[in-house]
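K.L.:
Got chain P; can you put chain V on it based on the hints?
Chains as they are written, first to last, in the numbering used here: chain P, 1 to 89; chain V, 1 to 147.
Check the hints yourself; a few may be wrong.
List time: in silico DSSO-like cross-link candidates among lysine-lysine, alpha-carbon distance up to 27 Å [claimed, not checked]:
hint, chain 1, residue 1, chain 2, residue 2
1, P, K2, P, K44
2, P, K64, V, K64
3, P, K52, V, K122
4, P, K34, V, K129
5, V, K135, P, K17
6, P, K46, V, K146
7, V, K136, P, K52
8, P, K64, V, K61
9, V, K147, P, K27
10, V, K135, V, K87
11, V, K122, V, K64
12, V, K87, V, K45
13, P, K12, V, K46
14, V, K122, P, K31
15, V, K45, P, K12
16, V, K136, V, K95
17, V, K68, V, K146
18, V, K61, V, K111
19, V, K135, P, K46
20, V, K141, P, K34
21, V, K147, P, K34
22, P, K12, V, K5
23, V, K61, P, K69
24, V, K87, V, K11
25, P, K2, P, K46
26, P, K53, V, K147
27, P, K53, V, K146
28, P, K44, V, K141
29, V, K129, P, K44
30, V, K146, P, K35
31, P, K53, V, K135
32, P, K31, V, K146
33, P, K64, V, K121
34, P, K64, P, K25
35, V, K121, V, K68
36, V, K135, P, K44
37, V, K45, P, K53
Everything labelled a hint here was simulated from the structure, so no lab data went into it.
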Amino acid sequence: MKVIVELYGATKDLSDKNFLEFKLKNKVSIKDIKKEILNLIDKKFKGNQNYKKIINNSAFCSSKDNIVKENYIISKNEVIGIIPPIGGG
Amino acid sequence: MLHAKIIYSSKAKIQIKKAESFLSSSKFGAIIYFIGTVRSFNDNKKVTGITYDSKDTMVLKSFKEIYKEAGNKLKIKRKSVFIEHVKGYVPTKAKSIIIGVACEHRNEAYKLSRYIIEQVKKRTPIWKKEHYGNKKSLWLKGISLKK
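Excised from the complex, chain P in its bound form:
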């Protein structure tokens, strides 16, 4: 299935689009997506440690705008978001 991860804040540096797209098996969790993103950093950004740290400290949100845990199973065609550490105001 196709999973789209919307990028926000510092994670926007991972793509010139505002999202990442992964084609994965069915029944994928946030933990799996996180692994995919870390793999992408290894391949595309020579394992940039700063990017990896951001991903490891990021939360993820469901299409219903709820922060979800790593064992959250992503529904088919669900668009999720990555929420790096925040600091507005």
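P.N.:
For chain V alone, kept in the frame of chain P given last:
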């Protein structure tokens, strides 16, 4: 009564007169405005501006939750709140956020204003990319919302 909005800097500016107009329509006499602006120095670096990014739907959801919670936690039921936060590039000294509150008494208004800005800082998905005089820029570190 709550007004919550994200203002795209490419289209409009945050204006205190909008907050004044909104809050003056309430019946409450104690009104406080908190205005956040972009400072020109941070960590000994000259800042030329900040680009704000946000997850808009979650930002508005969090503003509503904070407003509702303030009623329960601070026991301030009768209130009017105006919150606008900018998205996009903002030069130094320009406004990034306005929080206007109107309550029956000043003690409640001070408490509520402080509560809202502290909660926005802790939980509202907004990010800052600082731009410097040397044309470099940096996403600022923040608070993790990871569960």
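K.L.:
Each of the hints needs a verdict: does it hold here or not?
P.N.:
Hint check results:
Restraint check for K2(P) and K44(P): satisfied, since their Cα atoms lie roughly 20 Å apart, inside the 27 Å limit. Restraint check for K64(P) and K64(V): satisfied, since their Cα atoms lie roughly 15 Å apart, inside the 27 Å limit. Simply put, K52(P) and K122(V) have alpha-carbon atoms about 22 Å apart, close enough for the 27 Å limit, and the pair holds. In summary, the hint linking K34(P) to K129(V) is supported, as the alpha carbons are separated by about 23 Å, within the 27 Å threshold.
For the suggested pair K135(V) and K17(P), the alpha carbons sit about 22 Å apart, so the restraint of at most 27 Å is met. For the hint pairing K46(P) with K146(V), the CA-to-CA distance comes to about 25 Å; that is within 27 Å, so the pair holds. For the hint linking K136(V) to K52(P), the alpha-carbon distance of about 21 Å falls within 27 Å, and the restraint holds. This hinted pair checks out: K64(P) and K61(V) have alpha carbons roughly 11 Å apart, not beyond 27 Å.
Between K147(V) and K27(P) the CA atoms are separated by roughly 21 Å; this keeps the pair inside 27 Å, and the hint holds. The hinted pair formed by K135(V) and K87(V) meets the criterion: a straight-line CA distance of about 20 Å does not exceed 27 Å. About 15 Å separates the Cα atoms of K122(V) and K64(V), which keeps this hinted pair within 27 Å; it holds. A distance of roughly 22 Å separates the Cα atoms of K87(V) and K45(V); the hinted pair therefore holds under the 27 Å criterion.
At most 27 Å may separate the alpha-carbon atoms for a hinted pair to count; K12(P) and K46(V) meet this at roughly 24 Å. Between K122(V) and K31(P), the direct Cα distance comes to roughly 24 Å. Compliance with the 27 Å bound is thereby established for this hinted pair. A distance of roughly 23 Å separates the Cα atoms of K45(V) and K12(P); the hinted pair therefore holds under the 27 Å criterion. Between the alpha carbons of K136(V) and K95(V) the distance comes to roughly 22 Å, so the proposed pair stays at or under 27 Å and holds.
Simply put, K68(V) and K146(V) have alpha-carbon atoms about 23 Å apart, close enough for the 27 Å limit, and the pair holds. The hinted pair formed by K61(V) and K111(V) meets the criterion: a straight-line CA distance of about 21 Å does not exceed 27 Å. Among the hinted pairs, K135(V) with K46(P) is consistent with the structure: their alpha-carbon atoms are about 25 Å apart, no more than 27 Å. Annotation: proposed proximity of K141(V) to K34(P) holds, straight-line Cα distance about 20 Å (limit 27 Å).
In summary, the hint linking K147(V) to K34(P) is supported, as the alpha carbons are separated by about 14 Å, within the 27 Å threshold. At roughly 23 Å between alpha-carbon atoms, K12(P) and K5(V) fall within 27 Å of each other, so this suggested pair holds. Annotation: proposed proximity of K61(V) to K69(P) holds, straight-line Cα distance about 19 Å (limit 27 Å). With a CA separation close to 10 Å, the supplied pair K87(V) and K11(V) stays within the 27 Å bound.
Under the criterion of a C-alpha separation no larger than 27 Å, the hint pairing K2(P) with K46(P) is consistent with the structure, at around 25 Å. The straight-line distance between the Cα atoms of K53(P) and K147(V) is roughly 16 Å, inside the 27 Å bound, and the hint therefore holds. Using a Cα cut-off of 27 Å, the hinted pair K53(P) and K146(V) holds, with the two alpha carbons roughly 13 Å apart. Distance hint between K44(P) and K141(V) is fulfilled; the C-alpha atoms sit about 23 Å from each other, no more than 27 Å.
Taking the CA atoms of K129(V) and K44(P), the gap is about 22 Å. The hint holds against a cut of 27 Å. Using a Cα cut-off of 27 Å, the hinted pair K146(V) and K35(P) holds, with the two alpha carbons roughly 16 Å apart. Restraint check: the Cα-Cα separation between K53(P) and K135(V) comes to about 25 Å, which is no more than 27 Å; the hinted pair holds. Restraint check for K31(P) and K146(V): satisfied, since their Cα atoms lie roughly 12 Å apart, inside the 27 Å limit.
For the hint linking K64(P) to K121(V), the alpha-carbon distance of about 22 Å falls within 27 Å, and the restraint holds. The hinted pair formed by K64(P) and K25(P) meets the criterion: a straight-line CA distance of about 22 Å does not exceed 27 Å. At most 27 Å may separate the alpha-carbon atoms for a hinted pair to count; K121(V) and K68(V) meet this at roughly 17 Å. Distance restraint check for K135(V) and K44(P): the Cα-Cα separation of roughly 25 Å lies within the 27 Å cut-off, and the hinted pair is therefore satisfied.
A hinted pair counts as satisfied when its Cα atoms are at most 27 Å apart, and K45(V) with K53(P) qualifies at roughly 24 Å.
Of the numbered hints stated above, none is contradicted by the structure.
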